[in-house]
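> Protein chains in written order, with the working numbering: chain A, 30 to 307; chain B, 30 to 307; chain C, -9 to 309; chain D, -9 to 309.
Rather than coming from a laboratory, the hints here were simulated on the basis of the structure. Do not rely on the hints blindly, as some may be mistaken.
To be verified - To be clear about the criterion: a stretch of chain B counts as covered by chain C if any three or more of its residues have a C-beta under 8 Å from a C-beta of chain C, and this derived list gives those stretches:
id, stretch
1, 214 to 227
2, 285 to 292
Unchecked claim - Straight-line C-alpha distance at most 30 Å; calculated DSS-like pairs for lysine-lysine:
id, chain 1, residue 1, chain 2, residue 2
3, B, Lys217, D, Lys33
4, D, Lys290, D, Lys138
5, D, Lys289, D, Lys306
6, D, Lys282, A, Lys306
7, D, Lys306, C, Lys138
8, C, Lys138, A, Lys268
9, C, Lys138, C, Lys12
10, D, Lys115, D, Lys273
11, A, Lys217, B, Lys217
12, C, Lys134, C, Lys289
13, C, Lys281, A, Lys116
14, B, Lys306, C, Lys282
15, D, Lys273, A, Lys306
16, D, Lys134, C, Lys138
17, C, Lys290, D, Lys289
18, C, Lys115, B, Lys268
19, A, Lys116, A, Lys127
20, D, Lys298, D, Lys138
21, C, Lys282, A, Lys217
Claimed, not checked - From chain D, some residues computed to sit far from chain B (all C-beta separations above 12 Å):
id, residue
22, Glu5
23, Val20
24, Phe22
25, Arg98
26, Ile222
27, Glu246
28, Val249
29, Ser287
Ideal Cβ positions, reconstructed from N, Cα and C, are used throughout, including at glycine.
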Amino acid sequence: MAWFRKRKNKHGAGEGLDENLWVVCPDCKTHVHRDEWFAAPKVCPKCVFHDRLTARERLDITLDPGTFREFNPEISTSDPLLFTDGKESYFTKAEAAKGRTGLNEAVVTGSGKLDDQTVTVAVMDFRFLGGSLGSGTGEKILLAADYALRHRRPFIVFSASGGARMHEGIVSLMQMAKTCAGIARLHKEGIPYISVLTDPTTGGVSASFAMAGDIHIAEPRALIGFAGRRVIEQTIRQKLPPGFQTAEYLLEHGFIDLIAHRRDMRNCLSRILRYWKR
Amino acid sequence: MAWFRKRKNKHGAGEGLDENLWVVCPDCKTHVHRDEWFAAPKVCPKCVFHDRLTARERLDITLDPGTFREFNPEISTSDPLLFTDGKESYFTKAEAAKGRTGLNEAVVTGSGKLDDQTVTVAVMDFRFLGGSLGSGTGEKILLAADYALRHRRPFIVFSASGGARMHEGIVSLMQMAKTCAGIARLHKEGIPYISVLTDPTTGGVSASFAMAGDIHIAEPRALIGFAGRRVIEQTIRQKLPPGFQTAEYLLEHGFIDLIAHRRDMRNCLSRILRYWKR
Amino acid sequence: MDPQKDFDQELKDIEAKIAELKLLAKDDSVRFGTEIAQLEKEKADLETSLYANLSPWQIVQIARHPQRPLLRDYIEGIFSEFIELHGDRRFGDDAGLIGGLATIEDRRAVLIGHQKGRTVEDNVKMNFGMANPEGYRKALRLMKLAEKFRLPVISFIDTPGAYPGLDAEARGQAEAIAANLAAMASLEVPIIVIVTGEGGSGGALGIGMGDSVLMLAYAVYSVISPEGCASILWRDGAKAPEAAAALKITAASLLEMGVVDDIVPEPLGGAHRDPQQTLANVKDALIKRLKKHARFSPKKLVETRYEKYADIGRWKNWW
Amino acid sequence: MDPQKDFDQELKDIEAKIAELKLLAKDDSVRFGTEIAQLEKEKADLETSLYANLSPWQIVQIARHPQRPLLRDYIEGIFSEFIELHGDRRFGDDAGLIGGLATIEDRRAVLIGHQKGRTVEDNVKMNFGMANPEGYRKALRLMKLAEKFRLPVISFIDTPGAYPGLDAEARGQAEAIAANLAAMASLEVPIIVIVTGEGGSGGALGIGMGDSVLMLAYAVYSVISPEGCASILWRDGAKAPEAAAALKITAASLLEMGVVDDIVPEPLGGAHRDPQQTLANVKDALIKRLKKHARFSPKKLVETRYEKYADIGRWKNWW
Ligand SMILES: [Zn+2]
Ligand SMILES: [Zn+2]
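Next up, chain A with everything else stripped away, as it sits in the complex:
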């Protein structure tokens, strides 16, 4: 529910370049050559900071070239509340997000091959309204899970979300239940479901499909948690410890199976898929 907060300045370096040739790492401020930065992709060679990827970027580095077939690109935002904050309506906001991202929703779903193994994937895009979970998002994830079930294909979801999409009100909250209903069927029918948690995975997404996987993989230092840091600090009236709600913190506390560097992620997924397929 926090995607509309001001973008933290440590993110988004890929967009705001220092000059044409160099990218400044949002975390350690190292200057990285633009080619090197996007080849990594978007991983600082010095401090291993993993900057956020768009859904297309994620698909590109994950699937075999030319194998991705998208599901339901037409599914878009709905506005069940006719929500407006008085100045701007959700409808306008959503249209702007569509224009800016070229996406119709905060998730891209489809089927493709990963190292020659057919998988069903859903990839969230944080740029689209903070990767928030709206009815279109939930619908696309459910349809993808349903496809995975019917074709008995492993399902991989890359999360990146601030949580539920406030502007769709209760309908947004219900997408948590809806997506988990889809996941529950995969569990019952023995279909592998891998949840990949990337920066950030919080709120209603962390409290639903992202935390209901057979295997949970996280990218290094990704922010993962239920409540927002500010809310927690106000509640407990103390500062949070360093490293709180990072992927490493969650690994230590038993909620993540493994952390994979972005350059190893495809290989890691491939190994697991190959294991199941055998």
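Go by the hints and put chains B, C and D with the ligands onto chain A.
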């Protein structure tokens, strides 16, 4: 495994009377009239200390008079290791325990009515080699569970045990697995299993059937835990907090459903049984 | 005086006056009779005008009213029996999310629900009904127990939200709720949910998936608190009334959106104005739903529940 | 020097001398050749006499030998693949009880097992292979994962026991082990258990119920440590050798009592004297067992496992 340690002096008041008419509460040292003490039974009216009951005493206050039918009273101790400590053999020790208690094993099992509801019960007797879990104990509990399964009757086990019976070595340890195999069948077939944890329930008994119930009821202040206090203190090199490993402690830590005073236990069990029967 | 909070102050004044007069009328019924009758009429008119068009924010006040019935009140008033069971068998026992074996008119059900306190002391213990992971895990354990014994589950929702504390995060608040959603989606016994007060976001939904989801007339259910929404949208928590309206969090809105299946009526002005009537209404509604879902096989139940949730926010349902 | 601990000191001395002579022999093979041959024969004789009649306490020393292969050695040497999975999804990740997806000669299995450390640093992390409740709960989660994917489970046992700490008690060490026993009793996939070093009481059994339970020739498995038994019986931990004998904790005794199904041979003197051979033996034994149990239906598996455990300590089996 600790039943042969010297009996803690806070227990066993029922046997060592101050004089003929009075019992001294092992905990608060109040003098209680013998009749009152045994009517309670064995609960201090002042500090609510629950002294240990024999299996027969427990059956008497739990089941409807004259309804108990014992299973397998012939099952007795086995001596698979031909165990001896050099001075005394396990065989001799076990014979002595039999003579002293009139029991053949540390548990009495059977069928009876509790407030007019047919139940299968197993009641451990701490006097018999510290209520230790030997092959005979495990066998009787398994047979009782099997009876409960076949007749679809609720199964109630009253634990009182220092743990596995060292003198039967690995065969004793395996009784943990054996009894749990019986309990697992009850879970699978929807047969209610209530575990009543009385003082003390530790070691291999707490780590098997006693902690695998649908519902866990404990008597007030009963000692319940896995490792012995001395071992823990030696391991962590510090004194244990007051109230550690009591029923109240376990309730607070989420392992006990409810604590019932001895005078309420029968009524509490009856309510639960009646609930299931309806 | 907060005008939002005490919008029914005028009514309270009249009621106090009536009570006073009635006391005096004991001695002199002739003198006060007309006056009382007059005030009673005034009161009825005021009630009608006051409660006929409550704003969503006023409904929030009713949903959070300190005298509104809490779970323990429903348990005592509706259920002929309740055997409370404690603990998650993992870490602790959560006083803010309780559960046990319940009986309602000879029908058995495993009851789970948020428990707020009415006193400060109770609220410290119950954390204002904001559950910790061990609360959700206790609920899950009890739901599995219900499944073992083929008993339906009744879930009472009344929480500001799941507790946003450091320890709650460390012990996996997100995972606890996620696990419950997956489990409730495939639980092979009926689940009846009723939102009685505040339905606070994921903390509510964590025990809130069901075959029937009911809502009291003045309950609210929202993805975010109006205050939270207002401070995000306008950086001003005081604009909560506007947010409450924008979020469409009332029972009527939720029924319209297909998120709740039925509205359980409350006395005019809210449950706290006639708790007995409220309890009776809730009881009737629960029994009706228990009867309805008892008919289905486990398989059919789970399938129907799946379809129900799959349909919420179905693409093309809106446009 | 502790005579119990270094019973093979004489052998070590001869080995050192041979190694020394072999080094010298590089320059002058004629001169040292006979001497070396003589020593080799002495060594062989000594080995035979030394290891032919090991006392149970000597076997305990071998089972605990610092150079004995640990789980990571088996994983590297036997399994062509291992994808380690972490965490219990409740509280933490236990480095002393690990698990993951493993492949052994094109057969897949979920692997769980105790992990001791070889360095002080590792042992602090792994708690000397003494698992906490989160270790047992991680194992349970992985076993359930195995069941979802119909994969067999292989469990490696090597622990002094479950950790007897204050926090472990607070988080339910007893419940964690009990829950595993009940779950393993009804798990619908094959479970192969192998005791490779120390089988320490409930801490071992907590991941130790299986369709086949194997034991390395010099492993031990006991309801209590010999030291613990001695200090109870004689209030003297130094009498552990006597206790080790009385408790019948060796593979041969356990096979005789029907608690283990087969003994996996070790090189003369123990696994540490030829780890490669040991690994090969373990691999063969595991594959044989995987093949054997793969044949049965889930129902048959669970029934057979029940009968197996029901039979241990059957009344009238002894007398
Ligand atoms: Zn950097
Ligand atoms: Zn007393």
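> Run every hint past the structure and note whether it holds.
Hints, one by one, checked against the model:
no.	hint	in the structure
1	214 to 227	holds (count 3)
2	285 to 292	holds (count 3)
3	B:Lys217 <-> D:Lys33	violated, 58 Å
4	D:Lys290 <-> D:Lys138	holds, 17 Å
5	D:Lys289 <-> D:Lys306	holds, 28 Å
6	D:Lys282 <-> A:Lys306	holds, 22 Å
7	D:Lys306 <-> C:Lys138	violated, 35 Å
8	C:Lys138 <-> A:Lys268	violated, 44 Å
9	C:Lys138 <-> C:Lys12	violated, 56 Å
10	D:Lys115 <-> D:Lys273	holds, 28 Å
11	A:Lys217 <-> B:Lys217	holds, 17 Å
12	C:Lys134 <-> C:Lys289	holds, 16 Å
13	C:Lys281 <-> A:Lys116	violated, 48 Å
14	B:Lys306 <-> C:Lys282	holds, 22 Å
15	D:Lys273 <-> A:Lys306	holds, 23 Å
16	D:Lys134 <-> C:Lys138	holds, 18 Å
17	C:Lys290 <-> D:Lys289	holds, 25 Å
18	C:Lys115 <-> B:Lys268	holds, 28 Å
19	A:Lys116 <-> A:Lys127	holds, 19 Å
20	D:Lys298 <-> D:Lys138	holds, 24 Å
21	C:Lys282 <-> A:Lys217	holds, 26 Å
22	Glu5	holds, 34 Å
23	Val20	holds, 55 Å
24	Phe22	holds, 49 Å
25	Arg98	holds, 25 Å
26	Ile222	violated, 7 Å
27	Glu246	violated, 9 Å
28	Val249	violated, 5 Å
29	Ser287	holds, 16 Å
Checked against the numbered hints listed earlier, the structure breaks hints 3, 7, 8, 9, 13, 26, 27, 28; every other hint is satisfied.
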